[in-house]
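J.: Chain by chain, the residues run as shown.
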Amino acid sequence: MSGLNISNAHPYLYWGHDGYDGVGAWLEVMRFADWATIPGSYDLAEARDWHFVMAWPFALALLMMWVAMIANRHFWRDLKTQRAEWKPGAIWVDIVDHAKFKFAPHPASGKYNFLQKLSYGLVLGVLLPLMIATGLAISPGFEPSAPWLVDLFGGRQSARSIHFITAFALLGFFVIHIALVLVTGPIKQITDMISGGKA
Amino acid sequence: MSMPIKRRGALAAIAALMTGACSEIADSNAGRSLAKSAENWHRRAHRALANRQALAREYSKADVSTYFRGNGTVRIDRPEYKAALDAGFPDWRVEVRGLFDNPLSLSLNDIRTMPQRTQITRHDCVEGWSAIGEWTGPQLSHVLDAAKVQEGANFIVFRCADTLRGGDYYESIDMVDAYHPQTIIAHLLNGEAIPEKNGAPLRMRVERQLGYKHPKYLTAIEAVASLDDIGGGKGGYWEDRANYQWYAGV
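If you read the sequences in order, they're chains A and B.
Heads up, our numbering is the position in the first sequence plus 2, with the first residue counted as 1.
Heads up, our numbering is the position in the second sequence plus 41, with the first residue counted as 1.
Note that these hints are calculated values from the structure, not bench results.
Everything numeric in this text was worked out from a predicted model, so none of it was measured.
The beta-carbon is built from N, C-alpha and C at its ideal position, and this holds for glycine as well.
Among the hints, a few may not be true.
[Said to hold, decoys possible] Some chain A residues judged to face chain B by a derived CB distance under 8 Å, without partners named: (1) Asp20; (2) Glu48; (3) Gly123; (4) Phe144; (5) Pro149; (6) Gln159; (7) Thr193.
[Unchecked claim] Stretch-level coverage of chain A by chain B, calculated; a stretch enters the list once three of its residues show a Cβ under 8 Å from a Cβ in chain B: (8) 21-28; (9) 69-75.
Let's have the full structure, built from the sequences with the hints guiding it.
T.: This is the structure in structure tokens:
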């Protein structure tokens, strides 16, 4: 939401190293309404303050989650996909079940079904780390310590484009995630999160 | 997905409440000091991760942007400036004053005859855009050494001829950035005298920070121990006026 305020400062996305005045922009981003931005009116300085304060717990928490998940077997036992799950037949069954809001996992999957594991992997393993990596690549003070990172994305403006694309992908995930939670018993799932399913 | 207007309105009201609350938090003392702390963590992290002298990316001539945008002040409407611009700034002076043993008054010719550095670098604006240009000028370190900057100097303050929305533009950097090899007093952009919109006759380059830290229309270089008594006390025009970060490496 602070990012939406920042986006309003220059709502054009480019590929490559430079880009200005919207010239050659591959996208003109919509202007986000006040109610969607933090702060609630255009203020680039304050939006940046929020953005960069929050970046620290965001990045450190993500790192800690990965370390914990790999150390305590949550990743290996619950999240890692098994070979059997990748069979086209099994994938199709999982997609059909999802469409019917049937979330009981396939016997080979364990606690989470295949699409859930893919979502975890995509969000925690790709999209969230990409937010951090592209955010670093946008920073002129960070670039001298890892110019290869900016090169990896194809230049500072490409990093900025990918930062935005990834953010909107996460927003899309968030909307679907919340919608599915709401239709599958949100109260029980929230109390389960706190009680560990033992309430 | 269509929702009845009432529900949509309720959601917007909740979001507005949240963002309103967030604004209150941001403006509070706790909020502001947290933001300042984050700025310090970033500065320390950047300086820890890279050598103090680590260079910002330098590009080739083929990468230069077709047009180098001007931002902030793009025109100085005072007749003396206009006359000087037309004449090539024969009487322009950059005062080097403050905590120096050997204060100087530099003309454009003095600047041009010092050892020069030419660098093709990317200018990143805080708004989000970038432009690549070739800048030429002497390193600030050369001037600081010639003027014999004193031990007690902690910051270099840059004074400017432009007044933006009623306030004189100024900026400041610490001694790490002051001595960085890419911190130059530029007088050429893409091989020609800097245009008015980009800061004629002189503008600073501080290549590891965002564009507002590269003051234009340079009139003085001051060495000070503290920024507290300069301008609004936050080290720069945008910092004083709108709470932008003093360390603009992020």
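J.: Provide an ascending list of the numbers of those earlier hints which the structure does not satisfy.
T.: 3, 7, 9
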